[in-house]
Amino acid sequence: MKIVVCIKQVPDTNEVKLDPVTNRLIRDGVPSIINHDDKAGIEAALQLRESLNDGSTVTVVCMGPPQADVALREALAMGCDDAYLLSAREFGGSDTCATAIIISAALKKIGYDLVITGRQAIDGDTAQVGPQIAENLGIPQVSYAEEVSIAGDVVTVKRQYEDRYHIIDVKTPCLLTALAELAEPRYMHAGLIIDAYEKDITVMGFEDLKDSINPDHIGLMGSPTRVVTSFGKMPKGAGTILNVDADEAVKAIIAKMEERHII
Amino acid sequence: MAKDLFVIAEQRDGHIQKVSLELLGEATKLAKELGESVVGVILGDNIKDKAQELIEHGAEKVIVIEDPMLKEYVTEPYAKALTAMIKEYDPNIVLFGATSIGRDIAPRVAARVHTGLTADCTRLDVDMNEYFDYLHVASNADTKAIEAKLGMDDKTLKMTRPAFGGNVMATIRCADYRPQMATVRPGVMKKLDVIEGATGVVEEFKVEFTPEDMNVTIREVVKATHKAVDITEAKVLVSGGRGIGSPEFFGTLQEVADLIEGAEISSSRANVDAGWIARDRQVGQTGKTVRPELYIANGISGAIQHLAGMENSECIIAINKNDTAAIFEVSDLGIVGDVKVIIPKLIDALKAYHEAND
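Protein sequences, first through last, are from chains U and W. Quick note on the numbering used here: the first sequence kicks off at 1 and runs consecutively. Quick note on the numbering used here: the second sequence kicks off at 1001 and runs consecutively.
No incorrect hints appear here.
Covered by chain W, according to a simulated footprint, are these stretches of chain U (three or more residues, beta-carbon under 8 angstroms):
| id | region |
| --- | --- |
| 1 | 90 to 99 |
| 2 | 127 to 136 |
| 3 | 142 to 152 |
| 4 | 158 to 164 |
| 5 | 214 to 228 |
| 6 | 251 to 259 |
If you want the footprint, here are the derived chain W segments under chain U, 3+ residues with CB under 8 angstroms:
| id | region |
| --- | --- |
| 7 | 1109 to 1116 |
| 8 | 1170 to 1181 |
| 9 | 1214 to 1222 |
Note that these hints are calculated values from the structure, not bench results. The model shown is predicted, which means the values in this text are computed figures rather than measured ones. We put the beta carbon where it would ideally sit given N, CA and C, even for glycine.
Just chain W, with the same shape it has in the complex:
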């Protein structure tokens, strides 16, 4: 019988991606509810020494698939390896990060084994009570009707995701096929604190490749030249929307960020599209999902696509001239006012605060 939760860890140049650790954290929670184990899977060339990192983040077992063919990500060798692994181990659940790699490989593998795949999930549930607790808070969904359909003992994976640009949420199930597969949006799940010295089983899984499996030629690998800022890692985000009025004002917001430890600047889509700031700073449905300890929304009206990317921040402070702006509906503290007046005063206040307290 299909069992256990498998997390397909993503590595780039030997570095495990953060989303994979987040998935191990989420899988650990779901595994308890299922009474099953968490298995990490890592593919690459000379990658075995990374297994320990997965164990320290919640994997009880790690399957290592090593081959020179797996050095750079290429769809077919990875699809072949993962299909063989799934046939051998018969997982109940397989999770991928919803990255440009995960969203390339997962559908190919799902079609090959003929099972369901749900894209870009932002919430996963197994236990029905937990799922209903979520629905009761987050939605007006008719839980009575769902209970009548599934019963309260249902242990299938309930995969919840936004659709229609974040206007609608949907929960999807794959009841009749295994494994149940999902790609999960980076930045949404929580990784565990590192379990120092954790131990687990490391198993090598051999896949026989043929030269034909390498069915494309990578002529060139060009890494982004500027050091990409990962706004999903920031503790505080000082974010600017259309209301900041000019690209120069990002400099002013940067001054605020410089005065707060762990802070970075970020943006709504409009300013990115206008070329005021790099795309890797964009928060929202088509940008990144963030959940910093504090999100300061400056002149951001709160379009639903933007809210989809930041509403799970632990604390939200919004400054906006328009007292009916949608951003205020998700804010812990809303300030009706002009960012161009308030932010310079905030900079002075933060400087004074540091002088008095440091």
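The shape of chain U in the complex, shown without the other chains:
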């Protein structure tokens, strides 16, 4: 079985700030990491490969700038078999719809039985690219996967909802989106880290995919959605701050509750 995991390299969002003057993201010095849900997806794929133990392989795919190869090397060092970087000027500025078109075009070339993506990325938080890849490939999706197992060509998924879960059987080819809970990622293996830097990463650019992509549907200009503006949030403005003894503080709280008709 050919398992393909799609990953995204993201800035560690806890460290991202907006320049208050230019309203641009300050990315300098912000570490780039493999998105958490995607990393759980890699781990789940590796565990499935180990449970199958029949020569199945795990391929990892990342769309991004040339520097995203670091994320792919990390995935190789975790034990993935091969890696593809989808990188081209034409791909830049793509929204989720355009991104999914590019990635699915690459997946058609690479081949797949089971595709795993993270549920959502911590920078965009959209959760849209996984289902949109599945749509473009014409295969079933099961998103929000919390547990997964495989028998023959049937993948069994525990699919999480807010108030319930479903146990779902789906036949390959299909796509899953992984929750971070799906699997605790392993550490990179020392030997594999060295191997990872000796392995080739296959780079696919626009030329490699253009026979199956409509150029009007990718990149900034081909994206249905565009950003109008981005901005930092303004604090709503502090009210009264009291630094008084506990009895006075309690009186102030009770008074506030009365004022707001809470009690």
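Based on these hints, arrange chain W on the given structure of chain U.
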């Protein structure tokens, strides 16, 4: 020409989800600005009798799509039905709740009809003046530049949402494709007061399914065993952060909640991750967005991810030992002090208050 605002109502076991009613409220506001109508769409098996509830919350028309195939939510039959509905009715705007169902179905449908979709929106605007009023209060965005780009007569949907873990807000538009689609975060929009006896058109829309459309098998449906507490419904939230010091202190906060009508306890992420309290009580970017009448933040420092989930509360009281805590920047009343000293005294004061006034 594409017209009207369509709200895809979410039902689970025949119960309309609150977010769908919130969307009808928001759509009603936007529809006035556009001079268009609000249409509710509901899918399921034997679900027609729920149409009235959508009408009472603002839908002028309800499209009912019934089929045994739609009993439990499964991506493909729902995607097929909604795509057919969109092709038939040509909506201007389609809104979904940003739930684990909405965020599964909406991208699939958007890709199938090839249009834009904006995820997890926390604000929607059509009218440029309203949008600028918001930007002027909430941001330092350069409205002159936006005006130069869009003009003041622009009537496209301006979809505003947090990104980068709530550190950044972005407004997104889908100018060239229809419908304009968005998923909207639960708890953010306001539902209308029920319009008793409201009337509207109920239309049935038939979709031809084939057995192949059911391309997965649901082996088991397991509903959460404990009665899930919906903190987004609470009138008052008594919330605990890292500063409460121990899981036992949630018991003390519960005592406060028990003394206030409509109050529940909630938590910041740290205590949930530590296993002190169930995840369904978590407020914040990765938890729930709440807007209670009163939010009492106990020992919560006010990380941006937490503020993203509660800053729209109508009133915020914060108690924190650290007088520079970020939570004070959004508080109506900030108390610099130790929750472990103040809360027991507050319990006594509330008991005394009830004795004197009940």
